[in-house]
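Using the sequences plus the hints, can you model the full thing?
Going by the numbering used here, the sequence shown opens with residue 1, and the numbers climb by one from there.
Some hints here could point you the wrong way.
[Said to hold, decoys possible] Between beta-carbon pairs, the in silico distance windows are:
| no. | residue 1 | residue 2 | range |
| --- | --- | --- | --- |
| 1 | Met64 | Asp85 | 39 to 49 Å |
| 2 | Asp81 | Lys48 | 45 to 55 Å |
| 3 | Asp30 | Asp81 | 36 to 46 Å |
| 4 | Asp81 | Ile4 | 37 to 47 Å |
| 5 | Phe47 | Asp85 | 49 to 59 Å |
| 6 | Leu86 | Leu65 | 16 to 26 Å |
| 7 | Ala78 | Glu53 | 36 to 46 Å |
| 8 | Gly18 | Arg55 | 32 to 42 Å |
These aren't lab readings, by the way, just hints derived from the structure by calculation. Quick reminder that beta carbons are idealized off the backbone N, C-alpha and C, glycines included.
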Amino acid sequence: MLVIEVTNARDVVRQRLGRLGGRLIGKVVDAEAQVEKALIQELETAFKEFGIEARIFSVDGPRMLGRSHLEIPVQVRAERDVRLDL
Numbered sequence: 001m002l003v004i005e006v007t008n009a010r011d012v013v014r015q016r017l018g019r020l021g022g023r024l025i026g027k028v029v030d031a032e033a034q035v036e037k038a039l040i041q042e043l044e045t046a047f048k049e050f051g052i053e054a055r056i057f058s059v060d061g062p063r064m065l066g067r068s069h070l071e072i073p074v075q076v077r078a079e080r081d082v083r084l085d086l
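Next up, the structure:
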């Protein structure tokens, strides 16, 4: 399994859109989503050329912590403590 973390998404979008586009990042343009969309398209093309079948996911939330830990946040909808009354 591969995990790819794009660390300069804002810079890539800024280069593609210019100064005005750079001001829109975070307001109108989601830099990470745009770069991931382009990257997925490129991966799909390359995989097809090599005869590789794969599932590619673009997800929000997980992040790398150093070289040995992947943090995957979980949204908690409800929480309840269960205690025994003694």
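Unsatisfied constraints (hint numbers, rising): Of the numbered hints, just 6 does not hold.
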